[in-house]
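Visitor: Modelling step: build the complete structure from the supplied sequences, incorporating the hints.
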Amino acid sequence: MEEYNPADEVVFNVDESTFSIKECIESVIGGTDYNQGKVNQWTAGIVEHSLTHLVKQGRPFKYIVNCTIMQKSGAGLHTANSCYWDTATDGSCTVRWENRTMYCVVSVFAVAVAL
Amino acid sequence: MSAFQTEEEIVFDVEEARKVIKESVEAVIGENAYQHSRVNQWSSSVMEQCLSQLSKLGKPFKYIVNCAIMQKNGAGLQAVSSCFWDTCTDGFCTVRWENTSMYCIVTVFGLAI
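Top line first, the protein sequences correspond to chains A and B. Residues in the first sequence are numbered consecutively from 2, following my numbering. Residues in the second sequence are numbered consecutively from 63, following my numbering.
Because the hints were derived from the structure by calculation, they are not lab data. Treat the hints with care, as some may be off.
[What the hints assert, rightly or not] Here are the simulated BS3-like pairs of lysine-lysine, each with C-alpha atoms no more than 30 Å apart in a straight line: (1) A:LYS23 with B:LYS134; (2) B:LYS134 with A:LYS39; (3) A:LYS57 with A:LYS39; (4) B:LYS84 with B:LYS124; (5) A:LYS39 with A:LYS23; (6) A:LYS57 with B:LYS124; (7) A:LYS63 with B:LYS124; (8) B:LYS124 with B:LYS81.
These figures come from a predicted structure and were not determined experimentally.
Guide: So, in structure tokens, the structure goes:
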């Protein structure tokens, strides 16, 4: 009798997602300075690439990707998340990135779909 | 034959979520001035109140609440979300609130179970 272990497929893989989000951020804003005219396009590009990457993994999850970019000017910024879900199957990962002129914080939430 | 209407219950109610968020932010932050030492406690309280009010509604949803508090000093901030979900039942609500010293942006995402 074969062992059937579906558990691998329905638990959110944090490390893999963290790695692919970092790559998405670098590819969109790596090496650029904060530019108000482009920030709209940057955030859209980051969430789109990240979401595409996640969906391609073909796992039974719904995803929410959130991206915040803030200019470095000495202001204080505090972001926090709270979730009411199934802790056995759902998960999230947050990536904080910065360069000389801006901060970028990307959060991914994955919620298992009942099949 | 009576009409069977379950669809009302499994669509995310944006207006109700908006009301819950506004009340939570007003109650926790209100007219307080931005204080770095208290902002952690404020965002935790806002989210806790939002989640507890939302779960009390007893609807078959999972919720994610995101809260960002930023001091007003002229810096630019851009926040964007993208979602891969069931567009018939799932939804979100964002409330942008401010007082004289800070901005508070709260987003609630509701995903049907």
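Visitor: Can the restraint linking LYS57 of chain A and LYS124 of chain B be considered satisfied, given a maximum Cα separation of 30 Å?
Guide: Holds, at about 23 Å.
Visitor: Can the restraint linking LYS134 of chain B and LYS39 of chain A be considered satisfied, given a maximum Cα separation of 30 Å?
Guide: holds (22 Å)
Visitor: Hint check: LYS124 of chain B vs LYS81 of chain B, CA-CA at most 30 Å. Holds or violated?
Guide: OK: LYS124 of chain B and LYS81 of chain B at ~18 Å, within 30 Å.
Visitor: Does the alpha-carbon distance linking LYS84 of chain B and LYS124 of chain B stay inside the 30 Å limit?
Guide: holds (20 Å)
Visitor: Sort out whether LYS134 of chain B lies within 30 Å of LYS23 of chain A, counting only the CA atoms.
Guide: holds (29 Å)
Visitor: Quick one, are LYS63 of chain A and LYS124 of chain B close enough, alpha carbons at most 30 Å?
Guide: holds (11 Å)
Visitor: Given the hinted pair LYS57 of chain A and LYS39 of chain A, is their alpha-carbon gap at most 30 Å?
Guide: Holds, at roughly 27 Å.
Visitor: Would you check the hint for LYS39 of chain A and LYS23 of chain A, treating anything up to 30 Å between C-alpha atoms as holding?
Guide: Since the Cα atoms of LYS39 of chain A and LYS23 of chain A sit roughly 19 Å apart, the hinted pair holds (cutoff 30 Å).
Of the hints listed earlier, there is not a single one the structure fails to meet.
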